[in-house]
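Novice: Sequence:
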Amino acid sequence: MNKPFEVVVSRSKSVEDHVLEIIEILNHNSNEVDLKGYGFEINKTVDIYNALKDRLKEGITLEEVSIGSETKDRKRISYLLLRIKRSY
Numbered sequence: 001m002n003k004p005f006e007v008v009v010s011r012s013k014s015v016e017d018h019v020l021e022i023i024e025i026l027n028h029n030s031n032e033v034d035l036k037g038y039g040f041e042i043n044k045t046v047d048i049y050n051a052l053k054d055r056l057k058e059g060i061t062l063e064e065v066s067i068g069s070e071t072k073d074r075k076r077i078s079y080l081l082l083r084i085k086r087s088y
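First residue of the sequence shown? That's 1 in UniProt numbering, and the numbers climb one at a time after it.
Take these hints with a grain of salt, some might be off.
Pairs of lysine-lysine residues, derived as BS3-like cross-links and limited to a Cα-Cα distance of at most 25 Å, are as follows [unchecked claim]: (1) K53 / K3; (2) K85 / K44; (3) K85 / K36; (4) K75 / K36; (5) K3 / K72; (6) K57 / K85.
Label-pair restraints from in silico Cβ distances [said to hold, decoys possible]: (7) D17 / R86: 17 to 23 Å; (8) A51 / N31: 17 to 23 Å; (9) R74 / S12: 32 to 38 Å; (10) D73 / N27: 20 to 26 Å.
Derived by calculation from the structure, the hints in this document are not laboratory data.
All values derive from a computational prediction rather than experimental measurement.
C-beta atoms are modelled at their ideal positions from N, C-alpha and C, and glycine is treated no differently.
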């Protein structure tokens, strides 16, 4: 099984830019995408998923939700990981 393509949510991109990037990945590269947001971008990660769901309706399914923390620069940073799968 192929590893899902990972998209990390950034402050510099808008929600709509992330949505378009994920749609492009699902159409051309992969059937699954891991959407990951760290720290303050966790809220934006949920906004991106909701916008994607509004746009694609039953075209995607939420396969897995993971929460946890990672150590970066000797600091613990929380993350939210959403595994999205194309269902069409």
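Novice: Verify the proposed pairing of K85 with K36, using a straight-line Cα cut of 25 Å.
Specialist: 14 Å, holds
Novice: Is 17 to 23 Å right for how far apart the beta carbons of D17 and R86 are?
Specialist: Because 20 Å falls inside the window, the suggested range holds.
Novice: Are R74 and S12 spaced within 32 to 38 Å by their CB atoms?
Specialist: Given a distance of about 24 Å, which is not inside 32 to 38 Å, the answer is violated.
Novice: CA of K57 to CA of K85, is that 25 Å or under?
Specialist: Holds, because 12 Å separates the two Cα atoms, which is no more than 25 Å.
Novice: Quick one, are K3 and K72 close enough, alpha carbons at most 25 Å?
Specialist: Holds: K3 and K72 sit about 23 Å apart, inside 25 Å.
Novice: Hint says 17 to 23 Å; check whether the CB-CB distance for A51 and N31 agrees.
Specialist: Given a distance of about 20 Å, which is inside 17 to 23 Å, the answer is holds.
Novice: Is 20 to 26 Å respected by the C-beta to C-beta distance linking D73 and N27?
Specialist: Roughly 36 Å apart at Cβ, these two residues miss the hinted range, so it is violated.
Novice: Tell me if the straight-line CA distance from K53 to K3 falls inside 25 Å.
Specialist: This hinted pair holds, its Cα atoms lying about 22 Å apart.
Novice: Given the hinted pair K75 and K36, is their alpha-carbon gap at most 25 Å?
Specialist: Given pair K75, K36 holds - Cα atoms ~18 Å apart, limit 25 Å.
Novice: Between K85 and K44, does the CA-CA distance stay at or below 25 Å?
Specialist: OK: K85 and K44 at ~19 Å, within 25 Å.
Consistency with the previously given hints fails for numbers 9, 10, ordered from lowest to highest.
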